[in-house]
Amino acid sequence: MSPENYLYLAALLFTLGACGVLLRRNAIVVFMCVELMLNAANLALVTFSRMHGNLDGQIMAFFVMVVAAAEVVVGLAIIVTVYRSRHSASVDDASLMKL
Amino acid sequence: MSFPLLTATALTPAIGAIVTAAVPSARRTAAKWIALAFSLATVGFAAAIVLRFDTDAGADRYQLTESRSWIEDFGVRYELGVDGIGVAMIALTAVLIPFLIGAGWNDADPKEDEDEAPASRRWRPTQGFFALILAVEAMVVLSFAATDIFLFYIFFEAMLIPMYFLIGGFGDRAGEQGEEGQARQRSYAAVKFLLYNLVGGLVMLAALIGLYVATADQLEVGTFSLQAILEARGSGELDLATSTERWLFLGFFVAFAIKAPLWPVHTWLPNAMGESTAPVAVLITAVVDKVGTFAMLRFCLGLFPEASEWATPVVITLALVSIIYGALLALGQRDMKRLIAYASISHFGFIVLGIFVMTSQGQGGATLYMINHGIATAALMLVAGFLISRRGSRLISDYGGVQKTAPVLAGTFLIGGLGTLSLPGTGPFISEFLVLVGTFSRYEVAGIIACAGIVLAALYVLVLYQRTMTGPVKPGLEKLPDLRVRELAVVAPLIALLIFLGVYPQPLTDIVNPAVEHTLSDVDQTDPAPHLEEVEAGQ
Amino acid sequence: MNPGELQAPVIEWAALSPSLIVFGAAIIGVLIEAFAPRSVRYTAEVVLGALALVSAFAAVVVLASDGHATSEAQVAGMGSLAVDGPALFLQGVILLVGLVGVFLFAERRLEPAAHGAAVDSFAAQPAAVPGGPAEREAVKAGHTTTEIFPLLLFAIGGMLLFPMANDLLVLFIALEVLSLPLYLLCALARRRRLLSQEAALKYFLLGAFASAFLLFGIAMLYGYAGTVSYSGIADVVSGDPASVNPGLAATMGNDALLLIGGAMITMGLLFKVGAVPFHMWTPDVYQGAPTPVTGFMAAATKVAAFGALLRLLYVVLPGLRWDWEPVLWGVAIASMVAGAVIAITQTDVKRLLAYSSIAHAGFILAGVVAVTEDGVSSVLFYLAAYSFVTLGAFAVVTLVRDAGGEATHLSKWAGLGRRSPLLAAVFALFLLAFAGIPLTSGFSGKFAVFRAAADAGAMGLVIVGVLASAVAAFFYVRVIVLMFFSEPKADGPSVVIPSPLTMSVVALAAAVTVVLGVAPQFFLDLASDAGMFVR
Amino acid sequence: MESLIGLLIGAPLLGAAVLLVGGRRLDRVGHLLATLLAAVSFVLAVVLFLDLLGEESEARTLHQHLFTWVPVADFQADVAFRLDPLSMTFVLLITSVGTLIHLYSIGYMEHDERRRRFFAYLNLFLGAMLLLVLADNYLLLYVGWEGVGLASFLLIGFWQHKPSAATAAKKAFIVNRVGDVGLSIAILLMFTTFGTFAFEPVLENASGASEATLTGIGLMLLLAACGKSAQVPLQSWLGDAMEGPTPVSALIHAATMVTAGVYLITRSGAVFDAAPDAQTVVVVVGAVTLLFGAIVGCAKDDIKKALAGSTMSQIGYMMLAAGLGPIGYVFAIMHLVTHGFFKAGLFLGAGSVMHGMNDEVDMRRYGGLRKHMPITFATFGLAYLAIIGFPYLSGFFSKDEIIYAGFSKGGTEGWILGGVMLLGAALTAYYMTRIMLLTFFGEKRWQPDASGHEPHPHESPLTMTIPMIILAFGSVGAGFFFDLNENFVHWLEPVTGLEHGDSPVAHGTVGIAATAVMVLGVAGAWWQYGRRPVPAVAPQGRFLTRAARRDLLQDDFNHAAFVRPGNYLTRGLVYLDHKLVDGVVNGTAAAFGGASGRLRRVQNGFARSYAVSMFGGAVLLVAATLLMRAV
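Chains as they are written, first to last, in the numbering used here: chain A, 140 to 238; chain B, 170 to 708; chain C, 210 to 744; chain D, 680 to 1310.
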């Protein structure tokens, strides 16, 4: 199988993630979609690493995973706080500030 | 290097501004005297400039020059120097400021209730007022003295800020509109003033950058030095492309036209002059606006001679429109300060006309006009201010028969008005006539159209005088006090100066003439010869 | 060298000392939080933070005076970090801003003392539900969140790395390191906690979204060049893939990958600088975040992000100049115009400053577009000038308070010039600097940037910039009008006398604003010496 | 000797300055000081006159160069004076009549609290008028020209509390300004043509310039003269100017200032001689005004306005004469001088009457005053006889010469001009007799004024009667003296030149005809006003009468043609300035505000829509980058 297919998959996942961010209301789901996008990037990185035959992409992917984990910590902390004060995890509810 | 006279002249009011601003709030009167003292010291330095200035035919064009490095990275130097026009303008500025301080002596006293605020945080309007006036003076002097275009620009723009606070922060006694309404009007005027001029200034900034890039292109390094650019142009090193030169000219001209102000970018002036106190109104029209016309002479013509010639028809048209339009609108005003403002627009039309007809009489006349208009308007406006401060209204219709109760006030008002309408025997006549001569000898039709301004000027001045000063005494004015000693001390010297310059302007023309010759040679023009000589030469 | 033998990485400790100091201090800060008693944490954290930043700044100065900014510029950390002029200059700026930021964070005289304990602008117990019993208890106990200091130090550390990043990996890591603490800091306001949390949520979600784009862009660029190193990519872009395995040349050099990847990375960075159309988080976050955080973030993030953007465009993508230049033209114009225009109708000081920052991002982009050494140094200078003005302005905002905390609604600022002329005058100075009035740092910066742009032939950009400045002047002036020419309202806010901490921030910002306006030569020299990127 | 010229001008100017600056302290001596300085001027004038007489007739010119006034490149204006027989004539007239009227005013203004100012203005006028006639270049003349305008403005509006006076003063100044534009343009033309505007070089080189230019200069000078001398079409101000105190009307609006136009044209003779078209226009203007003024004079019931009409008409004679060229110059000036005497006398008499009649000016409320004011009656009567051209009194000589010169123009034109002037002479006799009859003869018609005071007509004090008596002597004798040995002609000839026209009508015939029409006019007036009592309220009259009472509708015309459109224009422009010029500015601001308000709504607070914007932006960015490459 041509490695390019992985790239197409990565692009697809990325787009799916982006669409999720744009369409879903629940903050957790939105956040998961962002994670999906990050992982799509990871897939692409690994694929390219394979195509180029060097390790840079794979190393990068590991870093990204760590970063994503850290992001989860921060993100969940924020989302949970918001949920506790509002009793809602809807992104659209948090729209006091505008204009 | 000899004593930096120009810097000293600018620094004195600048220091004065700081000292005045630092006076504690309780010592209001001390602040006034300090400001006056510094302004008088400035007059001293200005007098020294006049005396040191060499008017011989062979003398340097720019004298009393100073040159220090400032922002090398921008190619900006602290370069000062004056030609005769600059000397005249600095002298005008220095002379007028003490009168303005004297006239505005009590204009910025805090209202009674404000005195009760806790002492540590008390708003100090009086100190602020005089400090701002001195700050404006410093910046105006520097912009008249700067021979580095960037340096000029800095002060050209920076002076907007103190002016802005002067317009927006201090006004006449509240009239019928009430405190609130007047404050609103005033801040509208201040904002309009600032934005108009800022837009002009920013357009100029673009042109300034363009000029730098153009010089950097053709010379080794980019420069803002007027003298360097003039020299490079003279030697052919610098030869701007026609379209570049025109664009740059436009950028500069728009800024100066707004400042001057020229029709159709004049509408800020009536607001600004109408809402501010009389001394500030004078500061605007007699001093600050002159920077615009001055800069047309020094920079537009000097830097972009070909483009200036190219734009002449349009500029002359605009100037003529200003003359007539300003006068007609002055006739239609109900507010006397706005009336004077529109009259000034008409006069600025004359000044611009004189500058752009490119004859010695036109430009010499325009320079004299700047001086004379400053003095005449100061006299008229300050007296109007005294009147307004007595009655608390700017509406012409609120006055009548003032000469009965306050004959000296009425008399000085009339003389100021006569100066404004360029009565022979007062300074403005000479300058106006020179402009007309300069115009007529090259553009006859324009000269004749400008002559219409003579009649209209008489009309608006005399209508104003008739409505306010003559006729039966209006109710509420029966006890109007006449001019006080302080007020008389402000107005009388101005009137004396007005008449002196009308009778014996030679000291002034001696200073101005060589500079005008230089400017004319910048644009490569000579005066047209009389027709009779042409005919004879033809034969 | 035997294959399989591990090669020890070479780390230039000295050259990297500024960021190392800051990260070290941050870790110590965490330890303090963990082990030190509550009573000493505040003092310890503030002293630690200040000391760390001062010594890091000293390190930057030493490095610069050793010529690391110019002749000795080098690539460090196995090629992943650059120690050169722009990096050092911006690090210096960030460190100073950070130091001042510590002062702002540490200010404890503004909030009325809660049950006897002096408190700062941050929530007593961030995890507690706003208005809930847990919060009341925490307030009663006089708790404060001293964790803000290590968070701040981590953010500063990330910002120090950001302009140094010389490969895509570091770029991404630095971005996250600087962003994550900021997300948290945004959520920590003591007052109006709902807004604060909303700001954090929006910032976080959008920030993560943007970094996903950035990361995907990185992946594509890597796919294009087969390397994440800037110089390696640049070589490929300029058609000289000597250092890369020639056998794989076929899969490399796909221009679509390059262009899309470059665009996506650029987008990620433009998000951080708040350029249109990636600006929409700015007003909400600026408004909701605690004001000291807003001030720090507005100043420092912009500096760091522009540093990274400059390096990316100048080192990695100069070969693509003709592709991205017009696009950035568009972004710059859109930012200048939209920022200035929308700001006209704002009614909240912090939102107003947010839109102003958007417009300023546009102005700075004008300098970025120049792609000359002059362009770089003008941007560096602008960033230095702008960051202090911003910090000063937000510091002033923290001082104007009424019963509900900071009085950020503009109508409440009416007549401030009468009540506190000095403070109003200083704020007016900052506004005038924003507006670019001569004799303030704003003018010097704007002139430098516009001149560089014009020099590079972007006269159109200059003209738009000039017109946008005119529009922008309108709303700055509007605030001045409000402060000075309106009658004070009876129930208007009062100006709190702060501790020397905030006072020094305002004074420093004002001094920098004036000095960079009146005598900028020294700093211009610094910036222009620092105008060369190392490859 | 030359230095006396400056002194001559300086004395009254100094007086004006001292009185104005000195303030109330000088209230008690101001009038004396002013009169004294006027007298000093007169004495100096006499001294200079004797000096000139001592010279050969061709060498009777003195120059004084005081200082260079405005030097800008080729534009060199000097403050320099020129005294030659023409200016000397004026100087003598001005200082003598001026001094007399100062004297008269002491009595006339005795009860006015602002008397000091009045005398200051009178002195100012004197100085300016002397400057006007003594200047040696047109620009300096312009200064005097406007200076007298200013003095006239101040004096007409002296009783400023009366709105009518203030309006009249303003009107006078502004109408004069219209004329001044003419003078300005004339000077501009001179400068562009000759490179100078000093009398000598301009007039000597006049023949070298093109006729079109000279016609232009001439017409512009005429415009100026029309303004100052109240000639059609700029005549409208003179009637209103009678709002001023009567001595002012006598001095400024009868004897001296209004004749400045004649001076200007005579002085510029060389220009007109080379521009026949301009001369024709001068003649036409003179002829029209002659009749115009006379008709107005016939209809007015206000004694001063009737006299003002007469002044206009008489100046019309002078203008006409000056327009005839060297045939007429001398006689224009001669009539000017004699007119100065008798018209000043008439006005002073009118002032004396008003003084005794509680300032009543309506002649229909006089009547039979000869018994109450014998001296006034006598002096007024003598002046009356002089003006109607009673044989061997002043007016007879000067007017006959002008009529003769008119006939000498030759051809149809000569006949028309002669006819017009004879008609004018008849009208003069008619309206003057009317005044005489209404004022001094018939029954008393005075009534209590508004405040219920019955006037008690009485003779005026000595300070007033003495000047009247002296002027009466002048009215009687001046013409005869001038005519003796052609004294006056020889005196002026070096300046103005002289030609003897070829008249189809003999000199004697003209005299007889003039006397005949005079008798006709007197008879007509007697027929209407002498035979039967005069109604105290004017009958309605026919259209012409009514029009004449309204100054032949001149004000209505000006109002309709200039004032009203001007007002509309101004108001329209104010509106436009606000709505259009300012509207564009405010509109721009509003547009930005509106755009801001709309753009601002994009920021709707929803994080997801922000994400959409980012996503869209990313797509755009990518697309644009790719597009750039494709392009």
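Think of the hints as simulated: they come from the structure by calculation, not from any bench. Among the clues, some could well be false.
[Claimed, not checked] Derived CB-CB ranges, DEER-like:
1. C:V249 / B:N275: 58 to 64 angstroms
2. C:S280 / A:M204: 28 to 34 angstroms
3. B:A177 / D:H1238: 56 to 62 angstroms
4. D:R1243 / B:D651: 34 to 40 angstroms
5. D:R1243 / B:V490: 21 to 27 angstroms
6. C:V249 / A:A209: 26 to 32 angstroms
7. D:R703 / B:R237: 56 to 62 angstroms
8. D:H1137 / B:N275: 49 to 55 angstroms
9. D:V1298 / A:V168: 37 to 43 angstroms
10. B:L388 / C:D734: 18 to 24 angstroms
11. C:E696 / A:L155: 56 to 62 angstroms
[As the list claims (entries may be wrong)] Straight line, CA to CA, 16 angstroms or less: simulated EDC-like cross-link-like pairs of lysine to aspartate or glutamate:
12. C:K698 / B:E349
13. C:K698 / C:D611
14. B:K573 / D:D981
15. A:K237 / C:D557
16. C:K698 / B:E348
17. B:K573 / D:E792
[To be verified] If we take Cβ atoms under 7 angstroms as the criterion, some of the chain D residues that face chain C in the derived model are:
18. G1273
19. S1275
20. L1278
21. L1300
22. A1303
The beta-carbon is built from N, C-alpha and C at its ideal position, and this holds for glycine as well.
Do the hints match the structure? See the list:
no.	hint	verdict
1	C:V249 / B:N275: 58 to 64 angstroms	60 angstroms, holds
2	C:S280 / A:M204: 28 to 34 angstroms	40 angstroms, violated
3	B:A177 / D:H1238: 56 to 62 angstroms	60 angstroms, holds
4	D:R1243 / B:D651: 34 to 40 angstroms	38 angstroms, holds
5	D:R1243 / B:V490: 21 to 27 angstroms	23 angstroms, holds
6	C:V249 / A:A209: 26 to 32 angstroms	29 angstroms, holds
7	D:R703 / B:R237: 56 to 62 angstroms	57 angstroms, holds
8	D:H1137 / B:N275: 49 to 55 angstroms	54 angstroms, holds
9	D:V1298 / A:V168: 37 to 43 angstroms	23 angstroms, violated
10	B:L388 / C:D734: 18 to 24 angstroms	22 angstroms, holds
11	C:E696 / A:L155: 56 to 62 angstroms	58 angstroms, holds
12	C:K698 / B:E349	12 angstroms, holds
13	C:K698 / C:D611	12 angstroms, holds
14	B:K573 / D:D981	27 angstroms, violated
15	A:K237 / C:D557	11 angstroms, holds
16	C:K698 / B:E348	14 angstroms, holds
17	B:K573 / D:E792	11 angstroms, holds
18	G1273	9 angstroms, violated
19	S1275	4 angstroms, holds
20	L1278	5 angstroms, holds
21	L1300	5 angstroms, holds
22	A1303	5 angstroms, holds
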